[in-house]
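Okay, here's what each chain looks like letter by letter:
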Amino acid sequence: MNAALQNTAGTAMKLEGVSKLYGSVKALDNVSFELRKGEFLTMLGPSGSGKTTSLRAIAGFIQPSAGRLLIDGRDMTAVPPQKRNIGMMFQDYALFPHMTVLENIGYPLETRGIKRAEREKRGMEMLEIVGLAHCAKRYPKEMSGGQQQRVALARALVFKPDIVLLDEPMAALDKKLRGQMQIEIMHITRQVGATVVSVTHDQEEALVMSDRIAIFKDGRLEQIGTPHELYLQPRSEFVADFIGEANLLRGVVHPAGDEIVVEGDGWKANLPKDDPRSVSIATAQKACVVLRPERIHAVPAGSGAPNEGVGVIEDKIYLGVEYRLVVRMNDGGKVNLRSRDVATIAGMQAGDRIGMAWTADDIVVIGA
Amino acid sequence: MTVSTNDRRESVTAGPLSRVSPAFWLIAPSVLFLALFFLFPLLKLVAISLPGGSMEYYDQIFTTPVFLRVIGETFRVSLIVTAVTVAIAYPYAYAMAHGSRATLLVLTVALLIPFWVSLLLRSFSWIVLLQNTGLINDFLIAAGLIDRPVRLIRTPLGVIIGMVHILLPYAVLPLYTVMKKIDLRLMEASSICGASWLRGFARIYFPMSLPGVAASAILAFTLALGFYITPALLGSPRDMMIAQMIAGQFNEQLNFGLGAALAVVLMVLTAMAFGLFGAARTALQMRGRRKGEI
Amino acid sequence: MNTLRRILFWLVVGLTAVFLLLPTLIIVPMSFTTTQTLEFPPVGFTLEWYGKVLGASDWQAALFNSLVVAFAAAILATVIGTAAALALHAYNFLGKTVVMGLLLSPMVTPVIVLAVGMYMVFSGWGLVATRAGLVFAHTVLAIPFVVVSVLASSRMVNPSLAPASLGLGASRWFTFRRVTLPLIMPGVLSGAVFAFITSWDEVVIALFLADAQTRTVPIMIWNQVRTNLDPATAAVAAILIVLSALGVLLSHKFREARS
Chain W
99 MNAALQNTAG TAMKLEGVSK LYGSVKALDN VSFELRKGEF LTMLGPSGSG KTTSLRAIAG
159 FIQPSAGRLL IDGRDMTAVP PQKRNIGMMF QDYALFPHMT VLENIGYPLE TRGIKRAERE
219 KRGMEMLEIV GLAHCAKRYP KEMSGGQQQR VALARALVFK PDIVLLDEPM AALDKKLRGQ
279 MQIEIMHITR QVGATVVSVT HDQEEALVMS DRIAIFKDGR LEQIGTPHEL YLQPRSEFVA
339 DFIGEANLLR GVVHPAGDEI VVEGDGWKAN LPKDDPRSVS IATAQKACVV LRPERIHAVP
399 AGSGAPNEGV GVIEDKIYLG VEYRLVVRMN DGGKVNLRSR DVATIAGMQA GDRIGMAWTA
459 DDIVVIGA
Chain Z
68 MTVSTNDRRE SVTAGPLSRV SPAFWLIAPS VLFLALFFLF PLLKLVAISL PGGSMEYYDQ
128 IFTTPVFLRV IGETFRVSLI VTAVTVAIAY PYAYAMAHGS RATLLVLTVA LLIPFWVSLL
188 LRSFSWIVLL QNTGLINDFL IAAGLIDRPV RLIRTPLGVI IGMVHILLPY AVLPLYTVMK
248 KIDLRLMEAS SICGASWLRG FARIYFPMSL PGVAASAILA FTLALGFYIT PALLGSPRDM
308 MIAQMIAGQF NEQLNFGLGA ALAVVLMVLT AMAFGLFGAA RTALQMRGRR KGEI
Chain L
480 MNTLRRILFW LVVGLTAVFL LLPTLIIVPM SFTTTQTLEF PPVGFTLEWY GKVLGASDWQ
540 AALFNSLVVA FAAAILATVI GTAAALALHA YNFLGKTVVM GLLLSPMVTP VIVLAVGMYM
600 VFSGWGLVAT RAGLVFAHTV LAIPFVVVSV LASSRMVNPS LAPASLGLGA SRWFTFRRVT
660 LPLIMPGVLS GAVFAFITSW DEVVIALFLA DAQTRTVPIM IWNQVRTNLD PATAAVAAIL
720 IVLSALGVLL SHKFREARS
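Line by line, the protein sequences give chains W, Z and L.
Throughout the first sequence, residue numbering follows the working numbering, covering 99 to 466 in sequence.
Throughout the second sequence, residue numbering follows the working numbering, covering 68 to 361 in sequence.
Throughout the third sequence, residue numbering follows the working numbering, covering 480 to 738 in sequence.
For the record, the hints were derived by calculation from the structure and aren't laboratory data.
Treat the numbers as computed from the prediction; the structure is a model and nothing was measured.
Worth double-checking, as some hints may not be accurate.
[Stated by the list, open to error] Derived Cβ-Cβ restraints for the label pairs, each shown as a range:
1. Gly493/L to Arg134/W: 42 to 52 Å
2. Thr175/Z to His326/W: 49 to 59 Å
3. Arg705/L to Ala338/Z: 27 to 37 Å
4. Ala270/W to Pro638/L: 24 to 34 Å
5. Leu110/Z to Leu647/L: 40 to 50 Å
6. Lys239/W to Glu319/Z: 53 to 63 Å
7. Val306/W to Phe572/L: 55 to 65 Å
[As the list claims (entries may be wrong)] Calculated pairs, DSS-like style, for lysine-lysine (alpha carbon to alpha carbon, straight line, at most 30 Å):
8. Lys575/L to Lys111/Z
9. Lys247/Z to Lys732/L
10. Lys247/Z to Lys239/W
11. Lys273/W to Lys248/Z
12. Lys181/W to Lys247/Z
[Claimed, not checked] Where chain Z lies over chain W, by a calculated footprint (3+ residues, C-beta under 8 Å):
13. 181-187
14. 195-207
The C-beta atom is built at its ideal place from N, Cα and C for all residues, glycine as well.
Take the sequences, apply the hints, and build the full model.
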């Protein structure tokens, strides 16, 4: 009991084994995670992965078929949306077209029985924060997409909700505005100390904005962690591929002395036996090696390094700060390589054989 | 005049007759026809109602209690019918606008089947249903709500039931058109802002549906004013509406001048109701504009 | 609370649907009753009432009048209305809004007003108690439906087709016959069906303009309903409903062909 209380300290919300069935289709499959107070968490995944269903379950628009949702330690699973004290910014903002900007922002306060003068005061404060104080009397349709988004954000934040939900916050904006608004939303939510759950299918957006990212696939939570953790220690090929650029090499596992070797046609990767990564694949027949393009060193072919692969250069692209090489492996698979080692690469041509080297620290191994 | 294929289009406008736009020749028959068989009869009524420029018939209408009572009754019945119709049409249109595809199909069919059956036949059917030995009375007795048949035909209630039935499709369609455009996510937004369903409906959905309510009410009211067959078949002569009064002046009293004046009054009332529609729309837009202060 | 609201809502909607359908649905079964009075639910099954109606000379005459008047009014309204709709669609001219208003206003004018007005004017022209008078009156009522229907279908036609045809050297008439008309045909046909049904069901004007020789089916029904309700009336009503249903199916087919 005491331990449970301690666990929830600093926890804004907790999903416990939440599932949602539509007929026989599992939109959500046993999803559990915790949201810490003040953090910005992004649920990332392709469409149909369950991220939006999770968001709607948190908001209370859909009832989970199984599992519990705790907000601030209280079971909110059966509580209707209007009693959850959650703010939400909708994908197309869902501003009330017949109300002015200030009325829109005042609406959550109105529903909480706050008097008009106070509503206006707090609404204006919020508008100052989002930089739209001069637009208070305008109607939503008289504003640009970016401005509407700020109004929607202000409406979601004005009543100091326990949690703020952002549904595909950048989907309705054009590309140019996106980068700017990503930074701005991040700043504003930090400034007011909000706890945020965002949903997106754009990995760059997730990386820019989030303290932590939850990656969804086929209704399941694939992995949750800081962007850094997900990049360095992906637990599945899907996560490795989804976050950042990754080369996936599939090979056979066999022990060799005090090392474990993953080997494919024309490449091999050695790991010390006591490495935790080795332990995870010790019993596996096959494994997948994740190689980030910038962690591969170009070396002359056949240098005989313990961690090495050979292939043929298919494309060589010079990008000023670095070279990009596309290397075809023996089995026909392609490996992308990024390097600033001008001295080595300048002399290589498409069609040349090339060696690629890395250290045990540069790779991630996933058992298959 | 030699015509080559290249300048054939020029040649079409070259003759004296062809100087006039083809639009004229396409429009002329309809305008002429309606002027002759539609506008002229209406103007003729105005002329008959003002013999030698005298307003006597209008004076008579607006000073005789019988006529005033009929006009008042017409307004009263039309208002009640409009209110009931719109009140029933509102949830029906809501279900059509926001229900599943199957719901929309079923409700549309239910709406359009009576729309295609003539008003005379439907009034006939209501007589059978509402008569003392009719289905409605049988049902009420079987349900134990009454023990003796209630008189429904030849009462204002019968007229109202029959008129609501006929006006319902007209009232549903404008409501449906407006409601279909209302995004239900606004209601989700309202609930996540802390509003109960009722508050969200009162503050968000209903105000947004008002243009549809106005359109549907004005349409129902305007049509209701001129009803003749339904009140004649389902109502009692005591609760006569203005259309029956007009017919009576021509058929029985043979007082054409007075009948014409009554017809003109009905025409003007109908036009005013339609004018109200425009005014209501503008007012709604103005209200939307002016709502600047919280 | 939420569930209760939902149940109540669907109850109201369901009852409204029943209310809408009930009067139409009871007519056809009632026409088969073996009783002398109109009963619902009907007692037994007989086609006697249909035989009685179809065998009676006055019903036959009324049926003939109705068909002649409705066909003539439908053709007249379709020709006049289609021409007007084409002009409204393709050209901009002075007073276009006024013309549009005129073409649609018969739809919102109280029929009783039209009926007495036409009665006064037509009696001076010798058109009262003639089929021609009825045809003209019903054409007035039907023109708005044709205009609306044809306008709707011409808006769906690619506007550059007619200029393209003219540009290829075709005459206006040829372009109309071979390009424009086939494309708007669904609208024209569905407008014609509307026009036919408008006349077929019309009773108020007919009450003023028709006499014993020219009376139509709706007038026969009106008289029946006012004097004695018997199952024969239900039989006629059933025939009318079936014909209307055929008309709806027909116009639906035309509109489907449009898309």
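Tested hints:
1. Gly493/L to Arg134/W: 42 to 52 Å: holds (49 Å)
2. Thr175/Z to His326/W: 49 to 59 Å: holds (56 Å)
3. Arg705/L to Ala338/Z: 27 to 37 Å: About 31 Å separates the Cβ atoms of Arg705/L and Ala338/Z, which means 27 to 37 Å holds.
4. Ala270/W to Pro638/L: 24 to 34 Å: Taking Cβ atoms as reference, Ala270/W and Pro638/L lie about 32 Å apart, which means the hint holds.
5. Leu110/Z to Leu647/L: 40 to 50 Å: holds (47 Å)
6. Lys239/W to Glu319/Z: 53 to 63 Å: holds (58 Å)
7. Val306/W to Phe572/L: 55 to 65 Å: Check passed, 59 Å falls within 55 to 65 Å.
8. Lys575/L to Lys111/Z: It holds: about 25 Å lies between the C-alpha atoms, which stays within 30 Å.
9. Lys247/Z to Lys732/L: Cα-Cα ~25 Å, so holds.
10. Lys247/Z to Lys239/W: holds (19 Å)
11. Lys273/W to Lys248/Z: Between Lys273/W and Lys248/Z the Cα gap is close to 28 Å, so the pair holds against 30 Å.
12. Lys181/W to Lys247/Z: holds (28 Å)
13. 181-187: Result for this restraint: holds, n = 6.
14. 195-207: Answer holds; 9 residues pass the 8 Å Cβ test.
When held up to the earlier numbered hints, the structure conflicts with none and fits them all.
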